[in-house]
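S.K.: Listed below are the residues making up each chain.
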Amino acid sequence: MSVLEKGQVMTANRLRDGEVVFLTRSGVWNEKIDEAVLALEPQATAALEARAAEDEKSTMVTGTYLFDAERVDGRIRATHMRERIRTLGPTVRLDLGKQAEGNSGAFAFKDA
Amino acid sequence: MPLLKDNVFVVDTWVQIGANDALPEGGDVAVPYARLRAEWDSLAKFPGQLGVVLNNNDDADELAHFLPHLVLVILSFPAFGDGRSYSIAAQIRNLGFRGELRATGNILPDQIQHMNQVGFSTFEVLDRFPLQAWQAASKQMSLAYQRGLYRRAGEAEIWTERHLELAPWEEQPHAG
Amino acid sequence: MYRYDEFDHQFVRERTAQFRDQAARRLSGELTEEEFRPLRLMNGLYLQLHAYMLRVAIPYGTLSSKQMRQLAYIADKWDRGYGHFTTRQNIQYNWIKLEDTADILAALAEVEMHAIQTSGNCIRNVTTDHWAGAAADELADPRPVGELLRQWSSLHPEFSYLPRKFKIAVTGAPNDRAAVKVHDIGLRLHKNDAGAIGWEVMVGGGQGRTPMIAITVRDFLPEKELVAYIEAVMRVYNLYGRRDNKYKARIKILVHEIGAGKFKAEVESEYAKRPQQTTEVEKKELQRIAAYFALPQFEKLSRFVPAFEDAKITHPEFDRWARNNLAAHKADGYTIVNISLKPEGGIPGDATAEQMRVMADLAERYSHDELRVSHPQNIVLPHVKKEDAFALWQALGPVGLATANYGLAGDIIACPGMDYCSLATARSIPISQAISRKFADIDVQEKIGPVKINISGCINACGHHHVGHIGILGLDKKGEEFYQITLGGSSTESASIGSILGPGFAGHEVPDAIEKILHTYVNLRHPGEEFLYAFRRLGPAPFKEALYATT
Chain A
15 MSVLEKGQVM TANRLRDGEV VFLTRSGVWN EKIDEAVLAL EPQATAALEA RAAEDEKSTM
75 VTGTYLFDAE RVDGRIRATH MRERIRTLGP TVRLDLGKQA EGNSGAFAFK DA
Chain B
59 MPLLKDNVFV VDTWVQIGAN DALPEGGDVA VPYARLRAEW DSLAKFPGQL GVVLNNNDDA
119 DELAHFLPHL VLVILSFPAF GDGRSYSIAA QIRNLGFRGE LRATGNILPD QIQHMNQVGF
179 STFEVLDRFP LQAWQAASKQ MSLAYQRGLY RRAGEAEIWT ERHLELAPWE EQPHAG
Chain C
143 MYRYDEFDHQ FVRERTAQFR DQAARRLSGE LTEEEFRPLR LMNGLYLQLH AYMLRVAIPY
203 GTLSSKQMRQ LAYIADKWDR GYGHFTTRQN IQYNWIKLED TADILAALAE VEMHAIQTSG
263 NCIRNVTTDH WAGAAADELA DPRPVGELLR QWSSLHPEFS YLPRKFKIAV TGAPNDRAAV
323 KVHDIGLRLH KNDAGAIGWE VMVGGGQGRT PMIAITVRDF LPEKELVAYI EAVMRVYNLY
383 GRRDNKYKAR IKILVHEIGA GKFKAEVESE YAKRPQQTTE VEKKELQRIA AYFALPQFEK
443 LSRFVPAFED AKITHPEFDR WARNNLAAHK ADGYTIVNIS LKPEGGIPGD ATAEQMRVMA
503 DLAERYSHDE LRVSHPQNIV LPHVKKEDAF ALWQALGPVG LATANYGLAG DIIACPGMDY
563 CSLATARSIP ISQAISRKFA DIDVQEKIGP VKINISGCIN ACGHHHVGHI GILGLDKKGE
623 EFYQITLGGS STESASIGSI LGPGFAGHEV PDAIEKILHT YVNLRHPGEE FLYAFRRLGP
683 APFKEALYAT T
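Protein chains in written order, with the working numbering: chain A, 15 to 126; chain B, 59 to 234; chain C, 143 to 693.
It should be emphasised that the hints constitute simulated quantities derived from the structure, not laboratory data. Honestly, I wouldn't trust all of these hints.
No more than 16 Å apart at the CA atoms, straight line, and that leaves these computed lysine to aspartate or glutamate pairs for EDC-like [stated by the list, open to error]:
1) K197/B <-> E215/B
2) K425/C <-> E97/B
3) K219/C <-> E63/A
4) K442/C <-> E529/C
Coverage of chain C stretches by chain A, computed from C-beta distances (three or more under 8 Å per stretch; other residues unrestricted) [stated by the list, open to error]:
5) 167-179
6) 192-203
7) 460-468
8) 562-569
This structure is a prediction, so every number in the text was calculated from the model and none was measured. Idealized CB from N, CA, C, for every residue including glycine.
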């Protein structure tokens, strides 16, 4: 399993309910990391930032930020542990968070 | 910038001049604090009403000397999270100032009650919020635990109310 | 315990309505996030890694059974069926929605609770000794002052936009269980020869990235002057505390930078300026509050309770639990029950809604309807008859609340860490779980004796690792989680900040490192010498050698 592409994903919390969401290619926010667009070059990243700034103003989302991610075998995985936890849920409660709701994408935490 | 006083917008009669502007011949004029100190000898003879614009790191005690001659003190909030001016306002009122204490800068409707309570009487506010927002926010809490606050009608101090048989806090009439 | 009067009820109702309006204005776009953030923080609502987190205040850690049941109800209705008890005696819910928050605050208000000022640059929950009112060593219950300061600090118009957060702790016992020396303001009750009460006022303690021990500014302040004097401290801080750098904005930095002498002079100068109003109202209010903290009517019992002693003989597991989890009560025949929320391999401080309800029922039945939340993230039933202890213990077992490790190596204190917190640089809970499993055998824990292990997942030190006998700080080293170990911290009246032992460890190496440290201690200690004293006697050298010397 080799890492094919490294880039960045834009994430936020949905304003009204705090759900973690990711910015997709079509410009809507989705709860699943797999749907996120992986920005591979600065132009794409800038486009994500512009869209995120717009949506923060329009009360849709809050707390937007970019994080490092990679595409592995066609699926998206956060590079750093903290965002991996964000995309999946707590490592100490595998019954909570996106990992328990079928929204986790391809990668799961192994059992402790 | 609209001037809010007693929950309505009023006309601002005051002119705020800079360090090097010519002093008008009369009227309501506010000068920066540095200028007040530097030119006090001449300003003390100003025929109109005199006010001062403070920075929020100015020392209220040093101002005591000038307060009896001042009708307006303007205190700024450079960021709405910067709360120094609440304390400076409280100190200025404790020094006995009964004139107009005006807040300017980054002020949100949700801060107006606290600002009233520490002694501010007028507010230079941003256009963004309609009058109704200021009015609604000024009435959200009718009770306070602290004593010696400047209260609007309908506001009460809880500890005072609980112990009415004791001497009340000395009345400190609101200047506004 | 304190009961709201009509004023208190109206206050929290209005506050809830105020927040409901603010949240609505945020959702409609009338308020920007930048404007809304301080407002929601002042109602305890954080934006975290997974969702909003709500921190509910438990003033001076005291709860009634009705309140505990409501916390369980909130967990079930608006969260995921559990809550996390914190090192500042509060409770946190991790899966909250903004659109539900006003309803949650309304549910709290129904039982005389709130989330006022549990976050933000304002005065936070006033914490205290979790054995207040019950402990045998106490001079006087500090909680009336805790309640007085809670009221005084609530929506204080002058001090709602401080340079940074502000934490106050009070204690009424010579053995300080409230960590007053590492708080922004610490208050310690003293009695003079005439039996009069006065308060030692300490300022400038704290943890985080620059841990410091507080200085004493007043040795014996009369009680009725407390509010006015603390106002003077707050005003000096509000005016002169740094606002240019978030990491240098606490009052401890101000005290350190201008010096203790100058700081004290500033406070006294400000205090001298206060309007010469009578302080009789403050005194009367404190008396009014104190009446709520009168001790329950304890029965006149013998110190020796045969049923209790017999149960210990016939049930060795109960004997062990009684040995470790019970503390001396001021009334004969009574005991303080400490319920450990640290089961083997569990998440420190977490409790399910079911566990909360069981504890509420037990408190109502056996503990005069009162519970406490302790700084080490456990629950206390303060007034239990020894003759009831066995039945109580039997009820704890089936819900996983009977772990007999109170104060021992398995009673680990840990912040939520990177599993929950967006500030964290490393996870803390898995480290706690691994250590807990390594020392699962309570015989081993008892042989080691009392020891405080504190884990923080970042430099903000919410796990209070600086004052752990063994402190573990989780950091990020080139993208990997990495842990630094400190030894010799203490949060008591002889407070000290732990010192770094040496290079850090990968997560999987930490349990072995802790084991080596504790083995070294056991091998070198004098009979009966507890960990902290042994460390102070021996210094770090033998521990460093055990951890780092290559054989």
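S.K.: Would you mind marking each hint as holding or not holding in the structure?
M.R.: Cross-check of the supplied hints:
{"no.": "1", "hint": "K197/B <-> E215/B", "result": "14 Å, holds"}
{"no.": "2", "hint": "K425/C <-> E97/B", "result": "48 Å, violated"}
{"no.": "3", "hint": "K219/C <-> E63/A", "result": "36 Å, violated"}
{"no.": "4", "hint": "K442/C <-> E529/C", "result": "13 Å, holds"}
{"no.": "5", "hint": "167-179", "result": "holds (count 6)"}
{"no.": "6", "hint": "192-203", "result": "holds (count 3)"}
{"no.": "7", "hint": "460-468", "result": "violated (count 0)"}
{"no.": "8", "hint": "562-569", "result": "holds (count 4)"}
When each numbered hint is compared with the structure, violations occur for hints 2, 3, 7.
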